Amino acid sequence: MMHVGLEHYLAVSGALFALGLACIVLRRNALLVFMGLELNLNAANLALVAFSRYGGHAEGQVLATFIIAIAAAEVAIGLAIIVALFRRRATIVTDLLRSLKG
Amino acid sequence: MHPLEHFWPFIAFGAMVVAAIGFSIIAVTFPSILGPRKTHNEIKDSAYECGLPATTGTPARFSVKFYVVAMLFILFDIEVVFLIAWGVLYRKLIKPEGAGGLGWAALAVAVIFLLILEAGHIYAWRSGALDWASWRSRPQQEPRA
Amino acid sequence: MKRHAATTFDTRLEQRDVIVTRLDAAIDWIRKSSCWPQPMGLACCAIELMASGAARFDIARFGAEVMRFSPRQADVMIVAGTCTYKMAGLVRRIWDQMPTPRWCIAMGACASSGGMYRSYAVLQGVDNIIPVDVYVSGCPPRPEALLEGFMTLQKKIEASKQFKNLWSPEPAPVDERKLKGPIIIRGE
Amino acid sequence: MNEVNETIEKLKAQFGADIGEQPEFRGECGVVVPRAKILDVCRFLKTGCGFDMLTDLTGVDNLGSDPRFEVHYLVYAIARRERLRLVTGVPENDAAVDSVVSVWSTADWHEREAFDLLGLTFRGHPNLKRIIMWEGYPHFPLRKDFPVAGLPAELPSTAQNAGRAESAPQEGGPFVAGIGAVSAPHREPRATDTAAERDGKTAHPGHVEEI
Amino acid sequence: MSDVRDMAWPDSAARAQTAADPDAERMVINMGPQHPSTHGVLRVVLELDGEEITNLWPDIGYLHRGDEKIAENMTYAQFLPYTDRLDYLAPLANNVAYAYAVEKLLGVDVPRRCQYIRVICCELARISSHLLGLGCYAMDVGAMTVFLYAMRQRELIHDLCETISGARFTTAYTRIGGLMNDLPPEFLPLLRTFLKGLPATVEEIDGLLTRNRIFVDRTKNIGVLSAADAIDLGLTGPNLRASGVEFDLRKAQPYSAYGDFDFEVPTGTVGDCYDRYLVRMEEIRQSIRILHQAADHLPDGPWHLDDPKIFLPRKEKVLTKMEELIHHFMIVTEGVNAPPGEIYFSAENPKGELGFLIISRGGGVPHRLKIRGPSFVNLQALPKLCIGHMVADMTAILGSLDFVMGECDR
Amino acid sequence: MHLDGVILEWVFVIVRILAIFVITFMIVPYTVMAERWVCAWIQDRIGPNRTGWFGLMQPWADALKLFLKEDIIPHHVRKVYYVIAPTLVFLPALLTMALMPWGSNLGPMSCVLADIGPGMLVVFAVGACSVYGIVLAGWASNSKYPFLGGVRSAAQLISYEVCIGLSLVAIFMQTQTLNLTQTVLYQAANGWLVWQQPLAAFLFLICMFAETNRAPFDFPEAEQELVSGYNIEYSSLKFGLFFLGEYANLMVASMLMVTLFLGGWSLPFAPLNAPAQVWWVGAAHVAIFIAKTACLLFLFIWVRWTVPRFRYDQLMGLGWKVLFPLALLNILITAVVLGLRGGA
Amino acid sequence: MKVRRPKLTLLDRLYLPQILAGMWRTLKHIPRKKFTRQYPEEKFKLLGKYRGAPTLVRNQAGQVKCVSCQLCEFVCPPKAIRVLPGRRDDSAPAEARIEKEPEDFIIDMTRCIYCGQCEEVCPEQAIFLKQDFAVTGYKRSELEFHKDKLLELGGIHDDPICKWKKK
Amino acid sequence: MTVYDAMFWFFSLALLLCGVLVLISRDAVASALFMVLGFIFLAGLYLLLEAWFLALIQILVYAGAIMVLFLFVVMLLDFREKRRWWHGNLLGWLGAPLAVAALLAALLPVLKRAGALADAPEKWFEGTLENVMTPVFTRYLLPVEVTALILLAATIGVVVLGRKETKP
Ligand code: SF4
Ligand code: SF4
Ligand code: SF4
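These protein sequence lines map, in sequence, to chains S, P, R, B, W, Z, L and X.
My numbering numbers the first residue of the first sequence as 29 and each following residue consecutively.
My numbering numbers the first residue of the second sequence as 6 and each following residue consecutively.
My numbering numbers the first residue of the third sequence as 63 and each following residue consecutively.
My numbering numbers the first residue of the fourth sequence as 708 and each following residue consecutively.
My numbering numbers the first residue of the fifth sequence as 2 and each following residue consecutively.
My numbering numbers the first residue of the sixth sequence as 28 and each following residue consecutively.
My numbering numbers the first residue of the seventh sequence as 8 and each following residue consecutively.
My numbering numbers the first residue of the eighth sequence as 153 and each following residue consecutively.
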């Protein structure tokens with residue numbers, strides 16, 4: 029069996045990304061959609077870190093650091109919106125939000 | 006190729022995690038083995054609310070302030086992470102430029118960073134997001150005696 | 063201080079397996095040494111209950127100062143005060159929410175029998191709704207009397223066969239011969 | 708007690724012959740007010756005479772006389788240290804008085820208590836419910852025809868497993884109460900710990916021993 | 002399981018409002034009757050918005066023992082032990098108030114020594130009650146140790162009670178027309194030692210709380226009650242005085258020997274929890290003053306009425322003389338022979354005005370005996386004080402109101 | 028690494044894990060007892076003295092009692108979460124112990140189980156996860172008092188976490204490391220950090236009071252308000268775990284304080300100031316560490332029985348409006364001073 | 008008199024000085040002599056004329072003093088006393104003859120409130136509240152004291168006025 | 153298989169399992185908790201990549217902060233879906249495989265080329281705090297300040313959104 033290398037990490041990252049995507053597409057609960065988004069971000073991070081490590085440069089991890097920071101901001105705002113919406117509409121089912129839109 | 010020494014502390018830590026989880030499992034399951042058989046009745050299974058049946062079934066929602074504080078926490082947590090990293094590196098960064106540092110620019114980075122975030126903090130403070138009390142509990146002017 | 067006691071100890075212990083006896087003793091010791099009260103303070107007696115927790119009497123010496131207001135964590139319910147009908151349901155409810163093994167001390171006349179309140183509003187003794195293990199007479203009983211009641215309860219726990227009963231939610235059977243009341247302490 | 712008399716004079720001037728007077732007893736004066744006027748009198752006392760505090764309000768059951776009930780108001784003027792009692796009769800068939808909560812808010816619980824224990828109604832009370840006994844208690848305990856021992860009643864539904872309210876055993880000496888059974892286990896069933904004890908003689912437990 | 006709120010206080014209107022409010026982040030929570038901060042069996046139903054109290058319904062009656070009904074069925078003397086259990090933090094003071102009420106009904110005055118002793122009783126009771134009140138109050142805001150220090154001094158008061166009456170707590174010390182017995186000789190020295198030690202404890206409590214910012218923040222401007230509101234709600238005692246109304250029955254209608262003593266009535270300015278605390282602390286100090294004076298000027302002479310129709314004759318006489326024996330029997334079985342009439346007597350108890358409204362139709366048994374418990378009235382202020390505050394403030398407010406369910410529910 | 032080297036390491040790991048369990052389970056029960064005794068002494072009482080010799084067996088009786096108690100799992104709770112919550116309260120404390128340099132070294136064995144490079148980050152990370160236990164307990168109990176208690180506590184914990192991080196930045200600036208062992212060595216060489224960073228030490232101490240839910244910040248269980256907070260519905264050993272976790276957290280907090288500010292296992296006297304060369308110095312280091320921890324535990328207990336409790340909003344205000352700016356200020360001052368000194 | 012509302016000084020407002028002062032206060036208690044009276048081990052004196060459990064006494068001649076006049080039964084607020092009147096047998100020596108003696112005398116100790124009224128009203132000084140401050144039992148029936156138990160607890164009372172002697 | 157490889161497989165499989173469980177749990181709280189667990193395993197992968205700093209930050213920020221907030225919201229909004237999530241979600245069921253397939257298609261070439269990178273051990277990068285953050289504070293100053301600005305914006309947004317609205 030071959031030793032674990034960059035491609036393994038990328039594969040895991042890809043699979044994680046796919047799961048996140050599925051979560052976004054399949055789940056109706058806005059919170060779950062959000063979590064799917066987080067999974068995606070983390071998949072990206074994993075790829076970045078792996079690249080950085082095997083590529084021998086710092087940039088990947090630097091970028092990952094920034095991504096984590098921005099993700100935090102995004103989560104805070106996103107959840108704030110969800111809470112605000114919930115307080116207004118008492119539902120966080122995305123379908124309903126969609127229906128509000130159109 | 007992947008020297009184990011690097012990971013050694015983490016492996017030890019992992020061992021501790023395993024041990025601790027093992028202990029927890031024992032602690033959680035033992036009383037059900039050792040203690041008296043569980044009995045159930047409607048009252049025993051109901052929530053304790055000072056001796057009366059619960060006034061409403063599930064806990065209701067509560068003040069949005071708790072969310073706000075949690076959200077603010079996330080944001081400031083990031084700040085803390087950056088600051089910790091900066092703090093650890095500070096003495097290297099502050100070295101004059103010749104010696105591989107940035108000189109006072111190292112401080113300026115953090116000061117600007119902090120100023121921006123402090124603006125947010127002050128904004129939250131001013132707009133009352135950090136206040137729990139309503140107007141009545143806030144200290145009022147003491148009446149002149 | 064003189065102790066009148068009706069207890070004649072039957073020295074011929076029941077012919078039981080020594081190990082079981084030992085285990086019984088160990089479990090009895092554990093349970094009697096760590097009796098966390100659920101202070102069911104209903105009226106005046108509650109003040110003496112507080113007093114017995116305070117400096118002069120210090121129920122902490124018995125390890126019983128851990129007053130748990132949550133019934134889930136308590137071992138012995140000390141009913142201190144007048145239990146009215148309006149309150150009866152609550153007392154019973156809290157009793158029901160206590161985990162076994164559990165005990166109950168009726169502190170004072172009101173809790174034991176209704177005391178001086180033979181009236182329309184007062185339950186005539188909490189033993190109408192929950193099984194009482196120890197009655198402490200008095201109105202209110204002195205904190206010393208409560209401590210004595212506590213020791214009386216410890217005697218009862220000691221006299222119970224806890225080991226065989228370990229898994230049973232029922233109260234452990236008690237060696238009745240060891241439990242002869244009343245215990246009367248005369249002061250000077 | 709001049710001041711009190713002054714107040715009574717004032718009242719009489721305001722309300723005329725409706726105001727009756729109780730004989731002075733131990734330096735206390737009482738004014739008898741007709742039921743219909745009580746709210747006006749109270750308003751007048753508060754605004755016109757400075758009786759700013761309602762110390763107490765209570766009902767009395769004079770079973771056998773007519774009107775059966777009385778409501779007593781104790782009002783107090785803090786500044787003048789002056790106390791006055793108002794009494795108003797309430798007949799049994801229409802046991803209702805005007806509520807004075809609008810005059811003194813302290814009357815709230817007092818009136819509820821009178822309602823609870825005596826069954827008097829107070830018209831215009833914001834929240835006339837039982838306060839002492841539980842909601843759904845069928846009797847009015849302070850009425851004279853209600854025995855101290857109480858009558859059986861259902862407990863509040865919060866008390867699912869505490870049985871019902873029963874009459875308390877009444878025991879008395881030879882001068883007051885009737886004959887009880889010989890020993891407590893017979894008088895008070897709970898005092899019996901086992902059925903055997905109840906049937907047979909009560910055990911004579913415990914002998915004294917020095918230890 | 003049925004909806005409890007049927008039994009609970011939130012009435013249907015309030016419930017409907019809560020339910021209908023779409024923005025409701027409210028929850029209804031039940032505090033008590035078995036709760037560490039409701040001092041006995043008060044039950045409070047709270048409606049919370051987050052941590053803030055938006056509505057509140059006190060529910061009392063969990064300690065209703067039927068005292069008034071019982072009183073109608075026994076002689077005046079027999080009822081005396083029941084008064085112990087009204088304000089069970091200050092049994093001595095209740096005994097005194099009740100005895101004076103019956104004496105007023107009978108139209109008799111007790112001798113001066115008896116009056117002085119009763120003053121001593123009242124003030125001891127006041128100190129003991131305030132100590133416990135302050136202790137519980139401190140405990141409610143989290144300072145456990147203060148409570149224990151207060152209890153320690155209370156123990157000494159219990160010792161004093163035990164010396165005079167033979168019981169720590171439920172003293173039943175007064176009798177109609179006198180006392181249970183004269184002060185025993187060892188009492189005054191004991192009292193003096195106690196009075197010497199007490200200021201240190203008061204100072205200790207003071208030092209732990211008064212200027213401690215945590216405590217001050219918890220109490221200052223919390224539960225403010227204006228003087229007008231306090232009067233309107235019928236508050237009495239320290240709670241009324243904290244709102245700035247100088248009303249103290251010991252001054253307003255000096256019963257017992259209170260006219261003879263030099264003391265001051267402390268009043269507050271704001272009417273918040275802090276003022277209530279300060280007023281109680283000051284009252285303890287004033288009581289110490291009164292006790293000193295009473296101990297120094299305790300008159301000699303008889304300590305009970307010498308009326309064989311009111312006060313039980315001396316035992317020796319009962320044992321030897323026929324006439325006394327008959328009086329004895331008469332007093333015990335028929336009670337004092339009260340004239341028909343109606344009186345109201347109130348005394349300044351630690352918690353406020355404890356009043357007895359006695360309606361007599363003659364004979365030894367009251368026709369109606371209404372007890373005006375100060376706590377019953379004081380508790381009415383609860384919604385007014387609490388709404389708009391936080392849950393934690395409620396415990397502070399409850400502590401500062403210092404109520405006793407015994408006299409609230411009777 | 029040679030194979031026998033690996034085996035030796037594993038032996039050390041196991042020995043140290045056992046040591047950690049022993050230390051925890053000796054210190055924690057007696058911390059509980061110390062609490063009960065000290066509180067009794069402060070209150071002129073005696074405290075438990077009837078169980079065993081001077082009451083020394085009391086904690087064991089209590090613990091065993093909890094073992095033998097009926098384990099109620101009421102029907103209304105969310106069962107899985109209800110069961111795991113107590114362990115989540117206890118786990119973080121135990122895990123933090125793994126990072127604690129509770130001695131220099133005993134012979135060839137270093138006293139840190141996991142001497143992770145950025146150890147403080149692990150402490151932060153593990154500490155951050157301790158919120159879960161309380162939140163879950165409150166929520167899983169599905170009843171109001173626990174719920175309120177849990178939420179309050181969670182908000183309190185996370186608020187003060189920010190302050191903890193900020194207050195420690197200043198000392199990281201000084202020591203230039205996140206490693207706990209290095210921090211201790213730095214202090215051994217340069218003097219205790221509490222003298223160099225008094226403000227940071229003070230802020231950290233306050234935060235520790237808040238993080239461990241000790242008076243004056245004991246909201247989650249503020250008995251007077253919430254009966255006993257998030258653990259109301261818990262009985263038996265599950266409650267015991269909360270209890271244990273609470274005191275284990277207390278112990279860990281004290282140990283952190285000792286490590287970060289009070290020189291860890293070192294004492295500023297010649298043989299004790301450097302990592303041990305001989306076994307008895309190593310033992311002395313362990314003893315010194317535990318003694319320092321005990322002193323801090325006493326402080327925690329002592330404060331609890333003296334001061335009143337804050338109100339919830341005051342507590343949050345204190346964290347966000349007082350400690351937060353103070354910590355920032357401290358960082359700036361430190362930065363300027365260090366900058367003037369010209370960095371390293 | 009208005010109570011003084013102390014204004015917090017700047018130092019007070021900093022929390023710490025007051026907390027430290029408080030801590031000093033509490034610290035001083037630690038070495039102090041403890042106030043606790045260790046109950047079962049440590050002896051203590053009941054003060055005053057302590058009102059413990061009511062008991063029946065005999066006179067010097069060993070006779071039950073109670074004449075079952077039932078005054079105590081009447082007065083007892085919780086109605087804890089039950090007297091069953093009975094006649095004394097005539098075999099007693101003439102100078103010690105008292106007409107009546109209760110056949111049984113029951114005090115329900117779970118009811119008794121130790122108020123002392125029975126002692127106060129007894130015209131024969133036959134019932135006394137002794138110093139029994141703690142009465143506990145496992146059953147309610149155990150706490151129902153009958154005549155012999157009460158007499159046993161009461162013992163002999165030296166009566167200065169020997170009423171019975173005069174007869 | 154070396155220990156390293158074993159660890160990798162353990163962590164990555166556990167991570168993916170957690171991901172799947174996040175996706176399929178009916179209970180949002182369970183989803184959130186599995187997410188936390190997943191992040192912990194992800195941190196394990198970071199450790200294997202010798203990204204020490206990032207691993208800890210991952211736990212600190214994601215597990216310690218972000219997921220706490222998620223949990224808060226999930227618990228406290230306490231809403232229940234009326235339908236199971238897999239019912240009547242046609243669009244999702246059609247879209248998901250497509251999306252995943254597209255993703256994999258895009259990823260495949262990268263994966264193929266990745267093997268080339270893997271054989272340069274001397275160039276491996278160790279993600280210590282110093283290695284990662286020094287560039288941040290020297291080369292990437294602007295992004296740092298921009299991050300601060302974003303955080304500021306988020307703060308303001310949170311405060312505004314969290315404000316108690318007056319009754320509509
Ligand atoms: S027994 Fe006496 S002291 Fe105790 S509650 Fe009843 S009346 Fe009060
Ligand atoms: S004890 Fe005294 S009062 Fe009672 S019946 Fe006997 S003689 Fe009469
Ligand atoms: S002491 Fe009081 S209660 Fe007890 S028997 Fe005598 S009169 Fe009755």
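Think of the hints as simulated: they come from the structure by calculation, not from any bench.
If you're wondering where the values come from, they're calculated on a predicted model, not measured in any experiment.
It is possible that some hints are incorrect.
[What the hints assert, rightly or not] Cut-off 20 Å, straight-line C-alpha distance, at most; resulting in silico cross-link-like pairs (SDA-like, lysine to any residue):
1) K56(L) <-> G249(R)
2) K753(B) <-> N769(B)
3) K56(L) <-> R315(W)
**Report entry** Proposed proximity, N769(B) with K753(B) (alpha carbon, max 20 Å)
**Finding:** violated (28 Å)
Report task. With a cut-off of 20 Å on the C-alpha distance, tell me whether K56(L) and R315(W) pass. Result -> holds (17 Å)
**Report entry** Pairwise hint evaluation, G249(R) against K56(L), where the allowed Cα distance is 20 Å at most
**Finding:** Judged against 20 Å, a Cα distance of about 11 Å means the pair holds.
Comparing the model with each earlier hint shows a violation of hint 2 alone; every other hint is respected.
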